[in-house]
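Visitor: Single-letter residue listing:
2 protein chains.
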Amino acid sequence: MITKEQVLEALSYVEEPDLKKDLVTLNMIQNIVIEDQKVSFEVVLTTPACPLKDHIEHACRNAIAHFIDKNIAVDVHMTSRVLGKEGNQLLGIKNIILVSSGKGGVGKSTVAANLALSLHAKGAKTGLLDADIYGPSLPIMFGLEGEKPQSVQHEDGTVKIQPIEKFGIKLLSIGFFTDPNQPIPWRGPMATSAIKQLLNDTDWGDLDYLVIDMPPGTGDIHITVAQNYPIAGAVIVTTPQHVALADAIKGMGMFLMDSINIPLLGIVENMAYFTPAELPENKYYIFGKGGGTRLAEEYKIPFLGEIPLLKGISDAGDNGFPIAIDEEDPTTKAFIAIAEKVAQQLSIIQAVR
Amino acid sequence: MITKEQVLEALSYVEEPDLKKDLVTLNMIQNIVIEDQKVSFEVVLTTPACPLKDHIEHACRNAIAHFIDKNIAVDVHMTSRVLGKEGNQLLGIKNIILVSSGKGGVGKSTVAANLALSLHAKGAKTGLLDADIYGPSLPIMFGLEGEKPQSVQHEDGTVKIQPIEKFGIKLLSIGFFTDPNQPIPWRGPMATSAIKQLLNDTDWGDLDYLVIDMPPGTGDIHITVAQNYPIAGAVIVTTPQHVALADAIKGMGMFLMDSINIPLLGIVENMAYFTPAELPENKYYIFGKGGGTRLAEEYKIPFLGEIPLLKGISDAGDNGFPIAIDEEDPTTKAFIAIAEKVAQQLSIIQAVR
Ligand SMILES: Nc1ncnc2c1ncn2[C@@H]1O[C@H](COP(=O)(O)OP(=O)(O)OP(=O)(O)O)[C@@H](O)[C@H]1O
Ligand SMILES: Nc1ncnc2c1ncn2[C@@H]1O[C@H](COP(=O)(O)OP(=O)(O)OP(=O)(O)O)[C@@H](O)[C@H]1O
Ligand SMILES: [Mg+2]
Ligand SMILES: [Mg+2]
Numbered sequence: 001m002i003t004k005e006q007v008l009e010a011l012s013y014v015e016e017p018d019l020k021k022d023l024v025t026l027n028m029i030q031n032i033v034i035e036d037q038k039v040s041f042e043v044v045l046t047t048p049a050c051p052l053k054d055h056i057e058h059a060c061r062n063a064i065a066h067f068i069d070k071n072i073a074v075d076v077h078m079t080s081r082v083l084g085k086e087g088n089q090l091l092g093i094k095n096i097i098l099v100s101s102g103k104g105g106v107g108k109s110t111v112a113a114n115l116a117l118s119l120h121a122k123g124a125k126t127g128l129l130d131a132d133i134y135g136p137s138l139p140i141m142f143g144l145e146g147e148k149p150q151s152v153q154h155e156d157g158t159v160k161i162q163p164i165e166k167f168g169i170k171l172l173s174i175g176f177f178t179d180p181n182q183p184i185p186w187r188g189p190m191a192t193s194a195i196k197q198l199l200n201d202t203d204w205g206d207l208d209y210l211v212i213d214m215p216p217g218t219g220d221i222h223i224t225v226a227q228n229y230p231i232a233g234a235v236i237v238t239t240p241q242h243v244a245l246a247d248a249i250k251g252m253g254m255f256l257m258d259s260i261n262i263p264l265l266g267i268v269e270n271m272a273y274f275t276p277a278e279l280p281e282n283k284y285y286i287f288g289k290g291g292g293t294r295l296a297e298e299y300k301i302p303f304l305g306e307i308p309l310l311k312g313i314s315d316a317g318d319n320g321f322p323i324a325i326d327e328e329d330p331t332t333k334a335f336i337a338i339a340e341k342v343a344q345q346l347s348i349i350q351a352v353r
Numbered sequence: 001m002i003t004k005e006q007v008l009e010a011l012s013y014v015e016e017p018d019l020k021k022d023l024v025t026l027n028m029i030q031n032i033v034i035e036d037q038k039v040s041f042e043v044v045l046t047t048p049a050c051p052l053k054d055h056i057e058h059a060c061r062n063a064i065a066h067f068i069d070k071n072i073a074v075d076v077h078m079t080s081r082v083l084g085k086e087g088n089q090l091l092g093i094k095n096i097i098l099v100s101s102g103k104g105g106v107g108k109s110t111v112a113a114n115l116a117l118s119l120h121a122k123g124a125k126t127g128l129l130d131a132d133i134y135g136p137s138l139p140i141m142f143g144l145e146g147e148k149p150q151s152v153q154h155e156d157g158t159v160k161i162q163p164i165e166k167f168g169i170k171l172l173s174i175g176f177f178t179d180p181n182q183p184i185p186w187r188g189p190m191a192t193s194a195i196k197q198l199l200n201d202t203d204w205g206d207l208d209y210l211v212i213d214m215p216p217g218t219g220d221i222h223i224t225v226a227q228n229y230p231i232a233g234a235v236i237v238t239t240p241q242h243v244a245l246a247d248a249i250k251g252m253g254m255f256l257m258d259s260i261n262i263p264l265l266g267i268v269e270n271m272a273y274f275t276p277a278e279l280p281e282n283k284y285y286i287f288g289k290g291g292g293t294r295l296a297e298e299y300k301i302p303f304l305g306e307i308p309l310l311k312g313i314s315d316a317g318d319n320g321f322p323i324a325i326d327e328e329d330p331t332t333k334a335f336i337a338i339a340e341k342v343a344q345q346l347s348i349i350q351a352v353r
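So the sequence lines, in the order shown, correspond to chains A and B. With this note's numbering applied, the first sequence closes on residue 353, and no number is skipped along the way. With this note's numbering applied, the second sequence closes on residue 353, and no number is skipped along the way.
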């Protein structure tokens, strides 16, 4: 009969490649159950979107076989408990992720929506907040035009906005509270108080990740969000052009300022190239080539992936069904890979702290 | 010997098709000189970018031939004196044109730059102001990165910024006054005072047109510019997607508000389609089809033209030589046509007033 100690000893040879410590030291092994020739245990990852999940499971099986007995049946349950940024407990949101760029129209909303859906697809409790006061895109992207979120009075008397649930994620947009045909000529302070309300006075519940779709620029909304909330990290979206990169650099610079200091999780290059159906071998680099990778190298931050120009992405954004809800679409795979890298970066940052 | 009266009588049969009155009533005929079998006169148009220039010249020649004598030599000088919006005399700028959209990244800066260059190409005194505080694009688009405008002290003690002259137009960008690698986390009031300075404290000199490249959204900059300056009209840029059109509608709504009331000069549809060099017959409507024309119809405002997705436009924006400085480029012709329609709309509005 093997013992729990033997199992822990064996698993202490398995390293978490990102966190560079073994699973036992990291306290990731739980609920060890031994019956006869069978051992089962839980590996509690730092995120359900861990790109190394299969790799770690495999390494655990190997360790038991190698250090204890290769004939023993091993039942590994891969679960997760998302690490949270300190200070977020108040809101019940473990990680607030900003999707930002500096430049307008590069695909922030597209990346934010599909990142949130991909995190959800991997099993994370996910929310999505559209902070683009002047041009909210998410009501259209999620087919929720004209929707009005409910407000619920809690027992303590406070009134809280209920986010709308769609495709498994909790969603809120300033666009739900305004007439879509009316402009919102708000000066900064009004915009600032609107965004605070959407964050503070909302029943977000427990979330592993809240993705915030930021407006273009580095203005009032950025300053307010960055200074008043514990942001876990920022994803920078850019297209390959020089003018877009220049704005991305400004956007990144804002997060790196001493007074703000938000970790950069990496860069997504969007609208990288176009391939006509009739010429599947051709890539047309309409907006230039490789700007995103160069930027990532220069700033020594991860390159999270590139997304080509695809009519399907634009159509999906317009018809209320974001592309990442279709699990078979090849673009979905690209967004899942991005989501995994984002979650991975957050785990590394949180674990090191 | 024919008389001036005969000439005026003949020309009173020539109608200005836009203004729907004859040239004599409109006071557009000047400097009539009669020598023997030759008559010369000046036709003072309301804009050098008048798309009907050739048509009007032709109609004048016909009128002289028909009503006076078909053997007389006619020497027509087509000149112009741009009508100005009332109240602009203070600044010496006849017409301030906003290029706006609501949505980010649709090509406002590209259209603003090429519109200004096209107005100049038609002979108008033109300026271009980049009002995108958070993501100024014009320094890169005009190859003027790192440029620092001079300030000059006038005799009356006031200090005025000198716009930079490039490709024949007077240019100023908030980007000239900031470090391109530094973010500008400015709250609204700082942005507002920056834009006022660029308009008030600058030696713009006499300009027929000042084109302002607006930031995305409908925020502080928009409110400040719209409320504090006599704006002649706004050009709305959109791409064909539903999400872009929704923002364009918001942007247009702002200009139409009673308290703002800025004429909409028309809609430009940008990034309309892509045609690979290998398949010159094909048009790929990556972002959807015809959204701009539908919007123009719905709002009963002019459709100014469509611009396809072209690597040349993106490259031109990145390398400091906007496409419209190349007179032979077919895209330049599209921008010239847009500029003519814009000038035409302004003339119609000013003349009716
Ligand atoms: N890879 C892509 N292929 C095709 N269309 C795309 C792609 N990425 C984004 N789009 C479309 O381009 C438009 C701009 O994208 P999106 O709205 O996500 O940009 P944004 O950065 O959020 O813009 P804004 O600055 O206005 O908030 C949308 O219509 C979107 O559907
Ligand atoms: N028709 C086109 N074909 C190819 N590239 C284009 C076209 N129009 C604009 N671009 C490129 O797309 C990018 C966005 O255009 P531009 O900067 O003019 O948009 P914008 O509306 O001013 O953006 P922002 O909201 O950030 O100010 C630029 O790199 C520009 O060169
Ligand atoms: Mg957006
Ligand atoms: Mg711009």
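By construction, these hints were calculated from the structure, which means they are not laboratory data. Any given hint might turn out to be false.
[To be verified] In the BS3-like style, the derived pairs of lysine-lysine whose C-alpha atoms are separated by at most 30 Å in a straight line are:
1) B/21 / A/333
2) B/283 / A/289
3) A/283 / A/341
4) A/122 / A/166
5) A/341 / A/122
6) B/333 / A/289
Visitor: A separate judgement is required for each hint: does it hold in the structure or not?
Guide: Structure-based check of each hint:
With a CA separation close to 64 Å, the supplied pair residue 21 of chain B and residue 333 of chain A exceeds the 30 Å bound. Restraint check for residue 283 of chain B and residue 289 of chain A: satisfied, since their Cα atoms lie roughly 22 Å apart, inside the 30 Å limit. A distance of roughly 25 Å separates the Cα atoms of residue 283 of chain A and residue 341 of chain A; the hinted pair therefore holds under the 30 Å criterion. For the proposed pair residue 122 of chain A and residue 166 of chain A, the alpha carbon gap of about 16 Å is at most 30 Å, so the pair holds.
Restraint check: the Cα-Cα separation between residue 341 of chain A and residue 122 of chain A comes to about 12 Å, which is no more than 30 Å; the hinted pair holds. A distance of roughly 27 Å separates the Cα atoms of residue 333 of chain B and residue 289 of chain A; the hinted pair therefore holds under the 30 Å criterion.
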